[in-house]
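Undergrad: From the two separate chains plus the hints, produce the assembled complex.
Each chain is listed here by its residues.
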Amino acid sequence: MRRLEGKVTIVTGATMGIGRAVAKAFAAEGAWVIAADIADQDRPGDQKIETRRLDVADEEAWASLAEEVMRRYGRVDVLVNAAGVIGYEPIHELTTAQWQRVLDVDQTGVYLGMRAVLPAMRERRAGSIINLSSAWGVVGGVGVAAYNAAKGAVGSMSRNAAVTYAREGIRVNAVVPGWIRTPLTDRQPADANERVIGATPAGHGGEPEDIAAGCVYLAGDDARFVTGTELVIDGGFLAV
Amino acid sequence: MTRLTGKVAIVTGASRGIGAGIATAMAAEGATVIGCDVLGFSAPALAATEALDVTDEDAWAQVVAKVLERTGRLDVLVNNAGITSPESVHESRLEEWRRVVSVNQTGVFFGMRAAIPAMEAGGGGAIINISSICGAAAVPGIAAYHAAKGAVRTMTKNAAITYARQGIRANAILPGWIQTPMTAGQSADVNDRFLDATPLGRPGTPSDVAGAAVFLASDESAFITGVDLPVDGGYLAA
Numbered sequence: 001m002r003r004l005e006g007k008v009t010i011v012t013g014a015t016m017g018i019g020r021a022v023a024k025a026f027a028a029e030g031a032w033v034i035a036a037d038i039a040d041q042d043r044p045g046d047q048k049i050e051t052r053r054l055d056v057a058d059e060e061a062w063a064s065l066a067e068e069v070m071r072r073y074g075r076v077d078v079l080v081n082a083a084g085v086i087g088y089e090p091i092h093e094l095t096t097a098q099w100q101r102v103l104d105v106d107q108t109g110v111y112l113g114m115r116a117v118l119p120a121m122r123e124r125r126a127g128s129i130i131n132l133s134s135a136w137g138v139v140g141g142v143g144v145a146a147y148n149a150a151k152g153a154v155g156s157m158s159r160n161a162a163v164t165y166a167r168e169g170i171r172v173n174a175v176v177p178g179w180i181r182t183p184l185t186d187r188q189p190a191d192a193n194e195r196v197i198g199a200t201p202a203g204h205g206g207e208p209e210d211i212a213a214g215c216v217y218l219a220g221d222d223a224r225f226v227t228g229t230e231l232v233i234d235g236g237f238l239a240v
Numbered sequence: 001m002t003r004l005t006g007k008v009a010i011v012t013g014a015s016r017g018i019g020a021g022i023a024t025a026m027a028a029e030g031a032t033v034i035g036c037d038v039l040g041f042s043a044p045a046l047a048a049t050e051a052l053d054v055t056d057e058d059a060w061a062q063v064v065a066k067v068l069e070r071t072g073r074l075d076v077l078v079n080n081a082g083i084t085s086p087e088s089v090h091e092s093r094l095e096e097w098r099r100v101v102s103v104n105q106t107g108v109f110f111g112m113r114a115a116i117p118a119m120e121a122g123g124g125g126a127i128i129n130i131s132s133i134c135g136a137a138a139v140p141g142i143a144a145y146h147a148a149k150g151a152v153r154t155m156t157k158n159a160a161i162t163y164a165r166q167g168i169r170a171n172a173i174l175p176g177w178i179q180t181p182m183t184a185g186q187s188a189d190v191n192d193r194f195l196d197a198t199p200l201g202r203p204g205t206p207s208d209v210a211g212a213a214v215f216l217a218s219d220e221s222a223f224i225t226g227v228d229l230p231v232d233g234g235y236l237a238a
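Chains A and B are the protein sequences, given in the same order.
Residues in the first sequence are numbered consecutively from 1, following UniProt numbering.
Residues in the second sequence are numbered consecutively from 1, following UniProt numbering.
Keep in mind that a hint or two might mislead.
[To be verified] Which chain B residues face chain A? A few, computed with CB under 7 Å, are given here: (1) Ala121; (2) Ile161; (3) Ala238.
In short, the hints are calculated from the structure, not lab data.
Beta carbons are placed, not taken as given, at the ideal position from N, Cα and C, and that holds for glycine.
The following block holds chain B by itself, in its conformation from the complex (with noise of 0.2 Å):
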């Protein structure tokens, strides 16, 4: 379990579902892992936690720099932190849609901001931000969440060219239903309907997302940058 020996990651929204799962995953893999989160961290799990709200920019500064200072380097970002909201346009307000923004879509820019300059000065870096099937797939309602994570994926393009000749890579991960707290929060017909449309029949795990991730983080995927990688059950290709 070494894929990742020697890399420092960041994690953000570590401290539950999606998050919880890639830090446990990287730190098992032998990465140095810094999980973030703006709520509490129940078990440490892991070498190290930070208290991080990703809309606050001059947190991530402290975070990265507090990073850099204790490990000299930053190898991968994990802009995982997101949260949704059921309202459709017609009836959303200003207020929620600016909420699911900041944390869904500015969290992601202030975070590659934060770690662009440190992935540089080591010499490269991958970055990874959590889209969703709902970047690239409709469903009705959560108009935010739909524009902000349809936003992180050409955010990560847009990084991935870019800085490529700087040694960075950025790629998406375009998680399906995954089995999480912001899933379980969702109505119980919602989550039938993603169920349904699922063709392997099941709900995703965060260490199916998880698998995903290391794989994006370690040098076996060098020449991966600018991509989509969906972890949906078949979701998007039906």
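So here's chain A without its partners, still in its complex pose (with noise of 0.2 Å):
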């Protein structure tokens, strides 16, 4: 028994890192995927998934996508908010435009992907939403000011979105992921990484399918008495 079949499901930042293995995950496990990402795609080779271009940051064309789903599927179950950038300056040299540019896509992204499915899931009075933050959405990180910033933002607005909406059968979930081998963190300085990894007890970092299955988790009905709570993934980097 697959465990989310049939679940319409859009998740952004699907072309690679976290996105694509939560893509891919969701459409093993059953679910309809709708991937979608600034960035072009090649075809999925996966019939469950199809892709879309999506700007996490532009409103209307979260407007166009979640009407093209609802008329193609007639309800959305699930929604990753999976697509993020990261900025490494501190404060002192951190430009308004970097900043806005991190808020834009980190945390303005989630909160318009999600007011763009809550019609739909508000309908049907069911639904799951799942907002990728990160570790250093809980602890402070060197540099990094705006992704820090966005990233604590999703947390928060992951609680708000779950008590506001719990009465009508929608949860709403943050994943915190530790460090986590993807394009993104590929390009960070291998020293960065070092130290991450060396804050990890679990000696290693992860891999984006560990994340994914702690978004199947959380998207499913094994969780469905799971709202507004934060799922840390991180090989223990919090714990410390």
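TA: Dropping the structure here:
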């Protein structure tokens, strides 16, 4: 028995890293996946995944994506807001434009995504929203001022939506990854990566599939009493 | 239903309530479950049951030895056995305080201490300790329960980081208001207050908690250790 059979799911940031693993894992569990990304995508080679262009910071693009999904599937069961960008600047070096760019994608994009799918979820009085936060949404990182801010906001926005829409059968949770091997972390300086992995009690980083498995749990009926939480997947990083 | 195939699991407090829900769900996912309880088992739905007082360290050693003798391994330990007591600090008796702490807190220590060598020998394992929303947020009264459930969270993180390199993961589940014999024994106004403060507007069931326990016991959560996973209908988010 597959755990997400027939669930219509929108995944953002779906071309690479965590978003890509989420799309694949959901399809493997029987979901219909709309894999959205600002980047061009190869044909996924999986008939349960269809790809769409989406800039998560563009509210009109969200509206037309939601409308199209409703037209084709008649509902949205799950939204996974995985699209994210990082900036490494500390406050004193952070330009307003850099600040705004990170907030647009990591924070406003999550807000716009939730806003776009909530009417469909409210109508059916059911739905599960999963927002990707970060260990840097919980504790401070050196530099990364805008990312720290936006990921912290994702945690409180998720709790806000969880409490606001609980009585309408909509669950909202955040996932908090630690160091995960993705194109985003591949581009980071090696010493920065080594520092974080060195502070991870498990002694190694995680894989996108580790995060995808947490998302499958939160999207499925096994988590029907779970809302407003932060599911930490970090090899023990935050427990130290 | 094979997410735990090949795994051997000990579940304490398994005769009823959350423990029974977890034991049943783990068995349904293919685990060999040894259900332990100080109370008797009415329906033998599990392959194996053992009488266990979690506050008895010798009994713990015997149960783990028996499991190893029978199956040769121990992959999962669920420290679920728990009791509560309504007493507030000013009216509480030391004897009652010790009773709650010894089951809910020392029982968890004994369980981990007994299981960790077996898990280390087998190359790893998953420990799941049942804390409570009362381990993270306060309600009036139940002083000893609060203390012990908070301790379970920090003990879990301690074990997680101490044994991470041995492949042993330790995580806590924080159930909210769950329909069990324990909560049925609480006063109606205490239960009403919990329910009112639960955003989803309903009590949870043992199977809601079991869903989280299966996830944390399985290899799906291989990179998850030292975390608190609330299963509380949004209680702690509000």
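Undergrad: Looking at the structure, which of the earlier hints fail to hold?
TA: 1
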